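Sequences and hints are given; from them, build the entire structure.
Chains A and B, in that order, are what the protein sequence lines are. Take the first sequence: its letter number 261 is residue 1159 in my numbering, and every next letter is one higher. Take the second sequence: its letter number 49 is residue 52 in my numbering, and every next letter is one higher.
Rather than coming from a laboratory, the hints here were simulated on the basis of the structure. Given the structure is predicted, the values throughout are model-derived calculations rather than measurements. Treat the hints with caution; some may be incorrect.
What the simulated footprint calls covered on chain B by chain A, stretch by stretch (three residues with Cβ under 8 angstroms from a Cβ of chain A suffice, anywhere in the stretch; the number is not a length) [as the list claims (entries may be wrong)]:
#1 20-34
#2 37-45
Going by beta-carbon spacing under 10 angstroms, a handful of chain A positions derived as facing chain B [what the hints assert, rightly or not]:
#3 Q900
#4 P924
#5 K942
#6 Y1002
#7 Y1003
#8 R1012
#9 F1013
#10 P1035
#11 G1126
#12 V1133
#13 T1141
#14 G1142
#15 S1170
Partner residues are not named here, just some residues of chain B that face chain A (Cβ under 10 angstroms, in silico) [claimed, not checked]:
#16 V14
#17 A17
#18 V73
#19 D75
#20 S77
#21 I78
#22 V79
#23 A80
#24 G81
#25 Y82
#26 N115
All residues carry an ideal CB built from backbone N, CA and C; glycine is no exception.
Residues per chain, in single letters:
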Amino acid sequence: MQAAHCESGVTRNLLKNIGINKMTEPLAFGLGSGLFFVYVPFLKINNGPAIAFRSFPGIIFKQTCKSLKIPVRRKKFFSKQKAQLFLDQRLEEGHAVGCQVGVYYLPYFPKEYRFHFNAHNLIVYGKEGDNYLVSDPIMDTVKMLTSYQLERVRFAKGALAPKGQLYYVEKNQDVTDEQMKTAIKDGIKKNVFNMLRIPGPIAGVRGIRFAGRKIKKWRDKLGLPKAGLYLAQLVRMQEEIGTGGGGFRYIYAAFLQEAYAYHPADGLLKISAEFSRAGDLWRTSAVQAAGIYKQRLGSQEDFNVMGDYLLEIAEIEKKAFESLAKINWH
Amino acid sequence: MSALGKITTEVCYATDKEGNYTTEQSRGWDVKITALDVTWKNVEERMDAARQKVLSNEASPLLFFMEKNVMDVSIVAGYTGFWKWRVKRHLKPSIFNKLSNKILLKYAEVFNVSLNEFKTMKVDAS
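Laid out in structure tokens, this is it:
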């Protein structure tokens, strides 16, 4: 089943596979406390700024399963042979297995998307001869990878190298509505913590503000062409590789609506609308950024407008998470 | 249409008239398509600059292929298994020209080219 985002999509599909039919992609994203923001100023990725709109790879699946008390096995490998053997054995036992991979050598990905991005996730669910059957949440059809191709993407190199990491659920089980309710509450609480209370200036709501202030200085510090490339990278992280649009803010808003079905708590729908507003504003800021990297805009004033968008977004998300922290759960 | 749009649609989350979230199929958004275009144009510029440097004997073909594959020294080191300082040394033409085929083949595999293509930089644009 196709999804907007790879890890929440893989999480949903793996859990559906073991019989948890109420799992949806927004639920997986929210239970896994997927919403985040971080800007690491001293790190460069593809000659551009290191910015993420979501939590670290692996966290969503881990968190979702933990909050639903579903036992999970995950494993990294030093040896490529052992990594393949372990995968083959799980497939023979009938497990569908989630794998963290790098997209650079993924043959069915269009060339334009092949960066050294190592936090992609897909499901391997079968083997025919030397070919593995792969369900990639970004693609709408089944894909095949030879053992060499799969090994290459499982052992991609660079930042966040997957090291053959795989994960799967050991046994089938169902989840009660009561469990789901608790998990929703926990997921939201953790996300509130991640966005409001992580110390330091670069993560969460403070990170958005930090990025906004930095962007205003990019024009002078980097020069117009490079500043444009930096903004292009920001937009790519926000809109590309399955964010569901608006830097995951829309998925989170969808999650809060679904949460309301389990917890008809006052204010939840209103907060959901606030995240939609944040998503809209992220998209508006992307249009401004595009003006700059298309060289239609370029004055310092244009950079100020861009930075101010982020400051405004930070304010909206701060208030939204503060309201979430105050929700009275029944 | 986005590059991904040619082979698959993307799922996006959006609200309907009542403000309820549903999924939509998207074939791409102009803003992010140009973000990709600008990025790849920059890669091409870096490739051209690298090619010039190789031709004027300031760098070895390794630099060209690093730029072509959007890699930096640490990614190349990761894939080849060489130490970073060795990869950096191999960027010098004088040292590159003395490398054994065994080492060159390792690079060629990482960059998906033949040994000859690697040494001459003669590869088709794709």
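Going down the list of hints, with the structure as the test:
1. 20-34: holds (count 8)
2. 37-45: holds (count 7)
3. Q900: 6 angstroms, holds
4. P924: 7 angstroms, holds
5. K942: Holds, because the Cβ-Cβ distance from K942 of chain A to chain B comes to roughly 8 angstroms (cut-off 10 angstroms).
6. Y1002: This hint holds: Y1002 of chain A lies near chain B, its Cβ roughly 8 angstroms from the closest one there, short of 10 angstroms.
7. Y1003: 8 angstroms, holds
8. R1012: Interface hint status for R1012 of chain A: holds (8 angstroms vs cutoff 10 angstroms).
9. F1013: 6 angstroms, holds
10. P1035: 9 angstroms, holds
11. G1126: With a minimum Cβ separation of about 7 angstroms from chain B (threshold 10 angstroms), the hint on G1126 of chain A holds.
12. V1133: Cβ of V1133 of chain A sits 4 angstroms from chain B, so the hint holds.
13. T1141: Constraint on T1141 of chain A satisfied, holds at 9 angstroms.
14. G1142: 4 angstroms, holds
15. S1170: 8 angstroms, holds
16. V14: With a closest approach of 4 angstroms, the V14 of chain B hint holds.
17. A17: 7 angstroms, holds
18. V73: 6 angstroms, holds
19. D75: 8 angstroms, holds
20. S77: 7 angstroms, holds
21. I78: 4 angstroms, holds
22. V79: Nearest chain A Cβ about 8 angstroms off; hint holds.
23. A80: Holds: closest Cβ of chain A sits about 8 angstroms from A80 of chain B, inside 10 angstroms.
24. G81: 3 angstroms, holds
25. Y82: 5 angstroms, holds
26. N115: 8 angstroms, holds
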